[in-house]
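J.: These protein sequence lines are chains B and H, in that order. Sequential numbering of the first sequence, starting at 1, is according to the working numbering. Sequential numbering of the second sequence, starting at 1, is according to the working numbering.
Note that these hints are calculated values from the structure, not bench results. Honestly, I wouldn't trust all of these hints.
[Unchecked claim] Covered stretches of chain H, going by a simulated chain B footprint (3 or more residues, C-beta under 8 angstroms): (1) 19–25; (2) 109–120; (3) 136–147; (4) 164–171.
[Claimed, not checked] With a cut-off of at most 35 angstroms between alpha-carbon atoms, the simulated DSBU-like pairs for lysine-lysine come out as follows: (5) B:Lys54 with H:Lys54; (6) B:Lys192 with H:Lys242; (7) B:Lys23 with H:Lys214; (8) B:Lys214 with B:Lys91; (9) B:Lys23 with H:Lys242; (10) H:Lys196 with B:Lys91; (11) H:Lys54 with B:Lys82; (12) B:Lys53 with H:Lys192; (13) H:Lys53 with B:Lys191; (14) B:Lys49 with H:Lys53; (15) B:Lys191 with H:Lys221; (16) B:Lys162 with B:Lys82; (17) B:Lys162 with B:Lys73.
Every residue gets a Cβ at the ideal spot worked out from N, C-alpha and C, and that includes glycine.
There are 2 protein chains.
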Amino acid sequence: MNRINKNERVGAIIKILTENPRKIYNFNYFCDLFNCAKSTLSEDIDIVKNIFKKFQLGEIETVTGAAGGVLYKPTMTQEQIKEFCADLCDKINNKERIIPGGYIYLNDLLYSSDVSYNIGRALGSFFQDMDFDYIVTIETKGIPIALMTARVLNKPLVVVRKEGRLTEGTAIHMNYVTASSKRIQTMYLAKKSIAKDSKVIFIDDFMKAGGTAKGIIDLMKEFDAEVIGVGILMVTKEPKEKLINNYHSLIILEEINNESGEIIVNSSI
Amino acid sequence: MNRINKNERVGAIIKILTENPRKIYNFNYFCDLFNCAKSTLSEDIDIVKNIFKKFQLGEIETVTGAAGGVLYKPTMTQEQIKEFCADLCDKINNKERIIPGGYIYLNDLLYSSDVSYNIGRALGSFFQDMDFDYIVTIETKGIPIALMTARVLNKPLVVVRKEGRLTEGTAIHMNYVTASSKRIQTMYLAKKSIAKDSKVIFIDDFMKAGGTAKGIIDLMKEFDAEVIGVGILMVTKEPKEKLINNYHSLIILEEINNESGEIIVNSSI
Numbered sequence: 001m002n003r004i005n006k007n008e009r010v011g012a013i014i015k016i017l018t019e020n021p022r023k024i025y026n027f028n029y030f031c032d033l034f035n036c037a038k039s040t041l042s043e044d045i046d047i048v049k050n051i052f053k054k055f056q057l058g059e060i061e062t063v064t065g066a067a068g069g070v071l072y073k074p075t076m077t078q079e080q081i082k083e084f085c086a087d088l089c090d091k092i093n094n095k096e097r098i099i100p101g102g103y104i105y106l107n108d109l110l111y112s113s114d115v116s117y118n119i120g121r122a123l124g125s126f127f128q129d130m131d132f133d134y135i136v137t138i139e140t141k142g143i144p145i146a147l148m149t150a151r152v153l154n155k156p157l158v159v160v161r162k163e164g165r166l167t168e169g170t171a172i173h174m175n176y177v178t179a180s181s182k183r184i185q186t187m188y189l190a191k192k193s194i195a196k197d198s199k200v201i202f203i204d205d206f207m208k209a210g211g212t213a214k215g216i217i218d219l220m221k222e223f224d225a226e227v228i229g230v231g232i233l234m235v236t237k238e239p240k241e242k243l244i245n246n247y248h249s250l251i252i253l254e255e256i257n258n259e260s261g262e263i264i265v266n267s268s269i
Numbered sequence: 001m002n003r004i005n006k007n008e009r010v011g012a013i014i015k016i017l018t019e020n021p022r023k024i025y026n027f028n029y030f031c032d033l034f035n036c037a038k039s040t041l042s043e044d045i046d047i048v049k050n051i052f053k054k055f056q057l058g059e060i061e062t063v064t065g066a067a068g069g070v071l072y073k074p075t076m077t078q079e080q081i082k083e084f085c086a087d088l089c090d091k092i093n094n095k096e097r098i099i100p101g102g103y104i105y106l107n108d109l110l111y112s113s114d115v116s117y118n119i120g121r122a123l124g125s126f127f128q129d130m131d132f133d134y135i136v137t138i139e140t141k142g143i144p145i146a147l148m149t150a151r152v153l154n155k156p157l158v159v160v161r162k163e164g165r166l167t168e169g170t171a172i173h174m175n176y177v178t179a180s181s182k183r184i185q186t187m188y189l190a191k192k193s194i195a196k197d198s199k200v201i202f203i204d205d206f207m208k209a210g211g212t213a214k215g216i217i218d219l220m221k222e223f224d225a226e227v228i229g230v231g232i233l234m235v236t237k238e239p240k241e242k243l244i245n246n247y248h249s250l251i252i253l254e255e256i257n258n259e260s261g262e263i264i265v266n267s268s269i
C-alpha cells in the first residue's frame, strides 16, 4: 500500500468505528493498518473526536488499560431524540393506520431498517451507561428494534418465543397472563440462551398494562437472571397503573378515536 | 460553527454515509452542512472514494441527475465474503451446537447484531444490482439477517407471519406443505404490507427442500408480486432436488454426525 496520509487515516478510522458501534479497537490495530506510530494515531483520534463533537454525530471514546482502545458510541443528543420522536408521532398519526379493534398498523415503521436503527439509538440512550449482558425481546414485532438496540449497545440479542421450537433444544416454558385481556399465554426460551447470573435489558414495541414485561421478568428469574431495565417504543396512557414500575418509553399512545380517525400520540421525551 | 477544514468535511461525510447505507445524499446537503462550494465538495468526495477503495471498505458511488448525489454501498469483495463464510463455518462446527433431532443451535450467531450485519452484507451482495421493492422473510429466526440485508440494500422489510394477528389488519392467509416433513403450515401477510406489482427478494436462515420458499413465491402471487431472488444463509446438501431452482446461499450443511459430534458445513462461496 502507498503512503497513507492524515485524511486517509482519519477517514478509514471513522468508517470502521461507525460500522461497528461500541466495538473497542486497540490502537495497535490501526497502527498496523496504517503502518504509523502511536503518537500519530493519537493525533488522528483527537481529530476524529472533534469531528464527532462538532457535527453532533455521537461520541468517540478512548479506553485506557490493557483492553483499551477507541470506540464509537451512537448516542443521540436529547434534542436529536426529541426531534426523532416528534417526527415519528407525525408519521403515526394517520387515520389509514387504524385497524379494527383499536390497533395501529406500524409494520412499515417497525420493519424499516432506517427507522428501527434510530429507535435503537434512542432507546439505547437510556441504558448506555448501565452494565449488562443481553438485550431480551419477545417475538415478533419487537425483534427489529431490539436487534438495533443490541447493535447500538453492542450486546447479544435473545429472542423469547411464543411457541416451543424443536430447533432450539431444551427450553424453559412459562405461562403468564396478559394484564389487559386476561388471556393465558406461554413463553419459551432455550436453556442455552442466557448464562446464569446475567443482567438483561428488555426491549419491546408496545406495552399496555405490562403483562408481557412482567412475564419476562419472571422468566428471567428462572434463568437466575435479572431484568435491570425496560425500554418500550410505545406505551398506552391507560391503564395508568402498570404491572411494572420502572420503564422507559419514546411515545405515549393517548387515544385512538375511531370516529374522527385521529391517533393521539405524544413523545415521552 | 467555526471554519470547517478538509479533514473534518471528509470525516463527517464518511460518518454520515456509513451509517445510512445506500441512502442518496444530495451534494447540496453537504454543501449546506459545511458551507462550502460544490467544487470543494467534489474534491472531498473523490478523497472519500479513494479511501474506501484503498482500504476495501465498500463502495462510494456518485449518481448524476436531478435525484443525484452520493451514497455508500456496503459491498464486500469476493475475498472478504469467502473469509467471512469460512470463519462462520468454523464457529458452526462445534458439537455443543447439536440439538436432538438433527438440528443445530445457531441463535447466538443469528441474533448477534454483528454477525447478522455481516450476513446481510454477504447475502446482499447477490442482489445489489437488481431492481426490487422489498426484502421478504418469514418469522422468526430469519428476521435479524433479513433486516440487515434490508439495511444494506436500503429496502423495506416485510415479515410473513405463521399466525394471524389482530394487530395487523386484514390479511391473506395461505396453506403450504413443508417439503421435508410433509406437514401443512399456514402463512399470513397483512394486505397493507406489499404494493401491487412489486418485485421482492426472499431471505431466510435455513432451507432443506425449499417448501417454505415455494410457499412464499405462491403467497407473493396473491399480492401480484414476484419473487426475483432468494438468499439463504444455510442450505442442506440433501435433498439435492429442491422445490425452487434459483437461490443463493452462503453455507452448505453437508452432514450432522450425531455420534462423532461433527457438523460438516462448507462455504458455498
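J.: Of all the hints given earlier, name the ones this structure violates by number, lowest first.
T.: Violated hints (numbers, rising): 7, 9, 11, 12, 13, 15; every other hint is consistent with the structure.
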